[in-house]
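> Read top to bottom, the protein sequences are chains A and B. Just so we're aligned, residue 28 is where the first sequence starts under our numbering, counting upward by one. Just so we're aligned, residue 22 is where the second sequence starts under our numbering, counting upward by one.
A couple of the hints might just be wrong.
Said to hold, decoys possible - Just a few of them, taken from the derived set where beta-carbon distance is under 7 Å, the chain A residues facing chain B:
| no. | residue |
| --- | --- |
| 1 | V151 |
| 2 | N193 |
| 3 | D300 |
| 4 | S303 |
| 5 | P325 |
No wet-lab data here; the hints were simulated from the structure. Small disclaimer: the values here were computed from a predicted structure and weren't measured. Every residue, glycine too, gets a C-beta built ideally from N, C-alpha and C.
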Amino acid sequence: MTAELLIEQFLNGLQFGFMLFLMSAGLTLIFGVMGLINLAHGSLYMIGAFSAAATFAFFNSFWLSLLASFSCAAIVGIIVEKTIIRKLYNRDHLDQVLVTFALILFFSELVRWIFGAFPLYLDVPELLNGSIEIFSGIYYSKYRLFIIFVGLIIAIFLFFLIGKTNLGIQIRAGQHDREMISALGVDISKLYTLLFGVGAALAGLAGALIGTIQSVEVGMGEPILILAFVIIVIGGIGSIKGAFIASLLVGVVDTLGRFLIPWVLQTVTNPSDAMSIGSAIGSMLIYILMAIILILKPTGLYGKQLS
Amino acid sequence: MISEKKISYISLIGIFFIAIFSEYFDEPYLITLLSRIIIFSIAAIGLNLVLGFGNLVSFGHAAFFGLGGYVSGILAIHAFNSELLISWPFLFSGSNNSIIIWLFTILFCSLLALLVGAFSLRTSGVYFIMITLAFAQMLYYFAISWPSYGGEDGFSIYVRSTLFGINTMKGLNFFFICFFWLLIILFITGKVVNSPFGLALRATRLNLTRVKSVGINPFRIQLMAFVLSGAITGIAGSLYVDLNRFVSPSLLSWQMSGEFIVFILIGGLGRIYGPLIGAAFFVAFEQFFGSYTEHWQIFLGIIIISTVLFAKGGIIGFILEYKKNE
């Protein structure tokens, strides 16, 4: 075990964290403003990845497929919001869970119907291939650095949007009092559609970026959706700052935990036991983290105290 | 005039006689399907106790279903291979006796439910949904990465457990065992829901402040309901593993939790027999559309969305409404 390896794993965790932020930012805003639990957010992630893979197959251009990923996801998101999701804003959580669960079944099966059950692959463009020296003697994948960079840009953009713009004021006001801001003349249904579209676009983009590292397949959205839920619960529902901090925390804890725990256990038991017990604990780590945080702060790190 | 009670009795008797006729016409596959319906409905009846009557949306009941399955599977496989399960404080190498398996299942699932409930019930609303989901995911990932019992692939248990010398490998006999369990569970939930305890539970759904002000501690009521609910769903898991003679992490998957909620919703929320109708509809739907297209889940999705948006009372609610208007 070397320092280089540790730094590389840490950067991997950071990269994963930024991608999780793209997912959880939309999810937390949608929940915070509209009070909607959207399980189908993972489907939008999958749709983004598949649109990218299909575009890549036609035009063989990574940048074009990136463009396709968030625009297709946004379009699908807006259509779903206008036809189905809109009816759920005033329903209880159970109805929201059920309908969006049904949307997952629908989209997963539809995508399997169109693209088949085999995974698709996206290639990293020439420009981002290979690795780059970041410190003396420490090399890191250019593509992963690019992902961290994109995540950072979007985080800055979102903080600016929420904190400094007129739209951001409306969004924050919507979190506090929905009825009041519609009474003040803000077209609330337009705001909802827009917000849902932005959330969908971010999820779609994350799908394409992660799909390039892993594979593009049906069911890719659900594991990351559940992580995103863990994040917004840890960060406090509705808080974009909480989502950001929790994303990085979960990304780093998950990646380093899987890597470090087996290694630590090796000092006390034999390697094969250490490997199996370590990976089992490593995969449970973030859920344990979430349970601990909820016990200490039942509304998450930056959540408002619910009455 | 048709009442909820009538619909319930008709469906119970219906399932029983379809099983007898399937045996007579030599349709073993149909009997397996009926057993599956019953097992799923037991699982959903367990969940309905907290979800339908206490308005606690647990999105992690697959944890109890899966734990019940794993406990039964592990006891059975050790007995089959005559391998020691524990060597301290006494030697124990599993068991093939249904009674012992069920006792262990109830014990372990109640303990898990006590633990999960004690943590989760501190929160409410969406946080409760998410933390129950997180606990189930924790177990799911543990099962996947724990190599001793098959990891991601799961393991087979070859023979069903035995009960009083009954040949459980015969489909109809196993169906009777499941059916008997269903009757017991229906009886228990019927009693519980209408007992003072059940009334207090239903009151927590309606007005928490008022429950507190009459001197009832809602946390204790909810926790007790959660433990009972977990034990019932665990029994379903145990039976499910025995039915398929196969244990896999998919028992613990979050789709499983989602499906339990769907059974309850389709049948009718907060009705004792709702999950039975819902599970029967679900399995029949799967078989019917599954024989035409492998993409039947598209239609399932559409049906669920339309049920939630347009027919809130589920199937039982729909029939009652229809008869009233006639």
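> Are the hints correct? Go through all of them and say.
Hints versus structure:
1. V151: violated, 28 Å
2. N193: violated, 29 Å
3. D300: With a closest approach of 10 Å, the D300/A hint is violated.
4. S303: holds, 5 Å
5. P325: For P325/A, the interface hint holds, since the closest Cβ of chain B sits about 5 Å away, which is under 7 Å.
The structure fails hints 1, 2 and 3 (numbered hints given earlier, in ascending order).
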